[in-house]
Structures are given as structure tokens and as C-alpha cells.
Amino acid sequence: MKAAPFEYTRPAKLAEACSLLAFHGPDAKLIAGGQSLVPMMAMRLARPAWLIDISRLAELQRIAAPAEQDADQDGVFAVGAGVRQCVMERDPRAHASLPLLAQALRWVGHAQTRNRGTIGGSIVHGDVSAEIALVACVLDATLELCDTSGVTEIPAREFFLAPMITAIAPEQCLTEIRIPVWRKPGGNTAHGCAFDEVSVRHGDFALVSACAQLAVDADGHCVRAALGIGGAAPVPLALPEIGWQLAGTRLDEQAISAAADAAVGLTDPEGDLHASADYRRHLARVLVLRVLRAAKQDAMNNLNGKRAG
Amino acid sequence: MSEKLYPVSVEVNGTLREALVTARLTLVDFLRDALRLTGTHAGCEHGICGACSVLLDGEPVRSCLMYAVQADGCSLTTIEGLARSDGTPGALQDAFCETHATQCGYCTPGMIIAAHALLQANPEPSEEEIREAIGGNLCRCTGYQQIVDAIKLAAETGKGKA
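Protein chains in written order, with the numbering used here: chain F, 1 to 309; chain X, 1001 to 1162.
Extracted from the complex, chain X is given alone in its bound form:
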């Protein structure tokens, strides 16, 4: 017996996307497999690592901790939505490059989503506030310092607003 399908309608990076999904399809799998937006990474798939973070109605959430059906009618921003309109990296992404905040790159989209949400709410965060904002995101390469530096750089140059 095939699984029942449910209609989902979400706005992703400004574009309305509609699909039929199984109830158990997580939002991260929906983004990656159905919409082919593979910038959002699936890490632990049980809410520990933060690699799958996306903005749901403007707030950072873990896309592995909700089902796509639950996002019906919502607005999503993924890492692809933070790029410039010509597809080149956005300002916060540039800051991550400048400070070598990316090594293997697996945590990077989640880190940038968390950092973006922080700078939207608080354009001049303290180091403690930066560390708190990325506290739910694991990085196994950088030791975090370059990531904190990148977010500081983006804040200092006002690039976080872009």
C-alpha cells in the first residue's frame, strides 16, 4: 500500500512551491530531494547539529525537526536565498570566506543562517551574543574562532544587513 500524500504550498526564497508529500518527509528532505535545494545540509537528522537550519517565517529553525506538511502556508529562506540576485555569494558569505570560517563546509549553511538571523535582530552583537547565536550549531573543523571572526567582520562592516 502506498503512503498517503498531502499537498504542501510554501514560499521558498520568494518563489511559491507546491508539491505532494508523504507526512513523514522532513522539511530538510523536502528542500533537498523535492526542490533540489541542496545548500541546506542534512547532518544528524535529530536536532543536535544545526546543519539543516533554515529561516521559517524569518526565524531560524531546524528543518530536520519538522515535517514538510507542517510548513504548509509558511515562508522559508534557505542558504540559497542569502545569495545576491546574480547568484554570487552574499555579504555574510563573503565574510566567511575572508576569515577562513569554512573548512569542510558541512556546517557552513547552518552557521550562516544562524548568523544572518542574529544580525537581522541585533546588528551589533557582542562576542558572547555571537557565540550564543551559533551555540546550537556544531562545527568539527574550525574550532569556531574563525566563524565568530566572520560574524564580527560582517557586523563591523554592516555587511550583515545585505
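Chain F with its partners taken away, still in its complex shape:
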């Protein structure tokens, strides 16, 4: 359980980190929190010759919430890739604008790993059951990648290719995650969200996870819906078509059940020693039911709070 020898460097600027990456090519790996990379190196599943430490780069620590939630169009919440998970977990702006991400973070590893692990690190690692990756896909986030030739953007939904394989090139660094913040709900509308997962021990890798974000009007009609499933396909699954199907319904048990059935039809789980493919499909259905019910309840509570306020 000891890593193979490597050389270490801690550049002071992002540009320098990108130059080093370009110079060393696939022999180098970036390290930020290291909560996924260090165990992989301990097990010698990864053997980089160079580690480039980006954990202290101020350029990757920016958190920019939209100034005010717009009633006409969605805003953007930008999170630097190097922001630690524990920082976002405690950020009041994240709770106000991105409650789904705030909820998801509580499921990420344990307090000890969230104190080191970063938002960007979890995304580039590409684990199919990663909570942050799922939320990024469900909310249709955009990822900013940087290398020596400049900056490019890629939708999170196109970033994940297969388990542990993403579209990032060896010379690129993920620098920022831009997550849409739904436009401010009108007078008789409120947002609600929910995240849930099943794992052997709380904080372990999820067997399957699911999350949903809804906008609901005073009559209980769904105005807008986003949902997705993690751990039940080679990549985190965003399910926009099922969101469209839910919009306009009253989110009654019939509509929720139909959505769960349709969602399971889009999964493609692998069986392994932790759970069979059939069990993962079962969990996917149960978890979609749970998060849709819980997100609806959350929206109704927010609506009642609005009326009372």
C-alpha cells in the first residue's frame, strides 16, 4: 500500500501548472485534494512519474453566485475546481441557489475526506456513482477546461464517457464548474429538490443514487423537472426527457410511477460483487420514486413557507 516513486512540484500559477502538464504529458497527474488519486496510487492503479499539486492555486478557489436570482432567465453559479467539498457544504450561497448540490455534498465520502476533496477532483475522477458528477449532469452544468493553448468548455453531460474515463485530455486542467441556477419562481411557484442513495455504509460509494429538482405551482402542477440516476449506467445519467414528461402533470403517484418506470428503462447497470444488475435496476426505481416524492414535498413546504411569509 505504498505509491511507486514520483517527483512532486507545486506551481504558484495555473499557467505554470498547464505548462508542466504539457511538458510531461501523460506521465504527469494533477493532484488537488487527492482523495481519489492517493488511494489509486497506493494500490498502484495509477503510477504517475510527476505529481503537480494544484491544491493551493488561488485561481481555482473562486466561488461566484449569481448576484440576484433573475425571474426571466436562469443564472449561473460558478465554482472553482479547487474549491474543497467542505467549503461548498458550508457556503450559504450554495444552500440558497443550489440546494440540490448542498444536499448531495452530505453524501460525498466522510467529513475527513470532504475536508480535502475538491468539487473538480470528484468530477474528473469520473466514478459512475459520484454525487457531484450526477448533480452537474442533472442541472446541465458546463465545465471549463484549460491548457497552454487556452480555455475550452464542455457540457457535463458530454464529459463522462465510461467508468473512470472522461473527455479531458492529459494536458488539460478542469478549472471551473458553471451550474445553472433556475430562474426565480413566480408568486405561486416554488422549487424543491431531493437527493438519495443506497450504499453499504453511509459515505461509501453508492450502489445507486438518484436526485431530482422540481418547480411546482400552487395547484401542485409540475412546471419544470430535472432528474437523474447515478451508478446505474457507465456514466451519470441525466434524464431530461423524463423531466419534460413530468412537466404539466400534478406529480400524483401515477405520474411519479410512470416516470420511475421510464427512468429504469434508460439505465444500463453492470452487476458486480456488491450488487447484481437486477438489484441496481430495482434500486434505481425505488430511489427515483423517493426523490420525486421528496422533491415535491420540499416544493410544497417552500410554497407554504412563501404564503406564510
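Simulated from the structure, these hints should not be mistaken for laboratory data. None of the values given here were measured: they were computed from a predicted structure. Ideal placement from N, C-alpha and C gives every residue a C-beta, glycine not left out. None of the hints are false.
To spell it out: a stretch of chain F is covered by chain X in this simulated footprint if at least three of its residues, at any positions, have a beta carbon under 8 angstroms from a beta carbon of chain X; those stretches are: (1) 36-42; (2) 102-112.
Straight-line Cα separation of at most 27 angstroms, DSSO-like style, residue types lysine-lysine; simulated pairs: (3) F:Lys2 with X:Lys1004; (4) F:Lys13 with X:Lys1004; (5) X:Lys1004 with F:Lys29.
Starting from the structure of chain F, add chain X where the hints point.
Just chain X now, kept in the frame of chain F:
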């Protein structure tokens, strides 16, 4: 060819410690082998068991999941740093003794670090908050109940602050 060495300067339990280390030396091995602070235990060495937990700039982290070079310039508190100045066990450690929260003792330093961090941030935790705080620490002996009892006892008596 010998491996390249890197200078590391860290404050450990209030004392500045400097050393030359290989890049692949984990923080837990640095503490145990280079500084001879063997109170921090190396368990799974890949971030599952929590036995190696230490406070890094006041926050609990797993010392097997970072390299010593990454801690350069940081402040560390290990289980030895929670003892009283005369070397006798600290108050939280006493609570672990009182409730028999220690059996084989392997997980104990990590448990106490996690509990200490909890009580610093939240002096009156609920049972659920206690269980959440030690959720990343495995114990194979006690069944956890005595550990939860110890942390409750320390919180009730305000001993966690010591």
C-alpha cells in the same frame, strides 16, 4: 538511483518540525517513522478505516490520503497533542476510558481525533451528529455504542473543550 528528497516544514502539536522526505512518503508514515509519533495508527492505508485521522489546520483529515510534502507549511495536531501538558490523557481520552470505548485500541486515536473535531465545532451534538462525525472511522470491536457513549459523556461534562 536514489529518490529525490523534498524539504518539509510543519508545526506538529505546537512544535516546528523540519525534514527531508521522498515525495511518496504519506503523512501518516512521516508522523510515525520520521517523527516517531506512533499514536497515529496506519490501518488500511487507502482512506477507508479512519485510524490515521489527524487535524490539519484544525480540520480532521486522513493522513494516509496525503503526502507529507503536501502538508508543508501546515499545522498538525495528532493524538499526542490532545494529551494534557504533563503527558497524562486528555479529558476526551478519559471519557473513552470511563465508558470502555477502547478494546483493541487500533481505531481509538482516529475516533478521538474525529470526536475532538466534532466537539470543537459543536459542543452539544445529538446522537445522530455523533454517529455522523465518526461515520468515517471503522471499529471492529466495540459495536460503536461505547464510543458514542464516551463522546456523549465528554460533551455532557463539557470535557470535550479541554
